[in-house]
Amino acid sequence: MTGKSKKDKKLILVSNSVVNELMLIANKQGKPFYGFVTETLEHALKVYADGHSLEEVVSFYELMEIFKSLGAKMISDDMFNYLIVKEYEAGKSVLQDKLYEFGRLCGKSLTSKSERPFETLENLLSGAGWDLNEVAVTEKDDKV
Numbered sequence: 005m006t007g008k009s010k011k012d013k014k015l016i017l018v019s020n021s022v023v024n025e026l027m028l029i030a031n032k033q034g035k036p037f038y039g040f041v042t043e044t045l046e047h048a049l050k051v052y053a054d055g056h057s058l059e060e061v062v063s064f065y066e067l068m069e070i071f072k073s074l075g076a077k078m079i080s081d082d083m084f085n086y087l088i089v090k091e092y093e094a095g096k097s098v099l100q101d102k103l104y105e106f107g108r109l110c111g112k113s114l115t116s117k118s119e120r121p122f123e124t125l126e127n128l129l130s131g132a133g134w135d136l137n138e139v140a141v142t143e144k145d146d147k148v
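Residues in the sequence shown are numbered from 5 upward in steps of one, following the numbering used here.
Bear in mind the hints are in silico, worked out from the structure with no lab data behind them. Be aware that one or more of the hints could be misleading.
Once the Cα atoms are required to be at most 30 Å apart in a straight line, the calculated DSSO-like pairs of lysine-lysine come out as [to be verified]:
hint : residue 1 : residue 2
1    : Lys35     : Lys50
2    : Lys14     : Lys35
3    : Lys35     : Lys11
4    : Lys72     : Lys90
The task is simple: from the sequences and hints, build the whole structure.
See the structure below:
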């Protein structure tokens with residue numbers, strides 16, 4: 005018997021500041037440091053195995069937090085299209101005004117909460133299945 009546990013372990017170099025932050029989080033969650041780091045890295049591996057990056061996941065999370073803070077709800081495409089058609093017939097300008105205002109609030113929140121607001125928006129839209137050829141970001145009179 006070699007004395008090794010069921011899973012072999014490797015020593016990796018990580019900056020002291022990162023280790024200290026991870027220790028604080030692990031302690032707050034009441035988890036052993038080794039288990040917390042292993043769990044975190046396993047989640048990262050799953051993200052990459054699914055064809056995404058951690059940056060995409062963080063961007064998506066940031067945007068979902070903004071949406072939640074603005075009262076946004078998730079609904080199916082079918083329901084969304086039904087409601088849009090119904091409302092569009094009744095009051096096109098009101099619907100456009102409400103969509104514009106929601107977009108403006110999202111933009112303000114993204115700008116204040118994300119270091120890379122355009123990248124965060126792009127990642128969210130592509131992650132949500134949007135064809136980015138349908139989206140344009142323009143600047144007019146110092147407004148985006």
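We went through each hint and held it up to the structure:
1. Lys35 with Lys50: Within the cut-off at roughly 21 Å; holds.
2. Lys14 with Lys35: 20 Å, holds
3. Lys35 with Lys11: Roughly 19 Å between the alpha carbons, so the hint for Lys35 and Lys11 holds.
4. Lys72 with Lys90: 25 Å, holds
The structure is consistent with each of the numbered hints, conforming to all of them.
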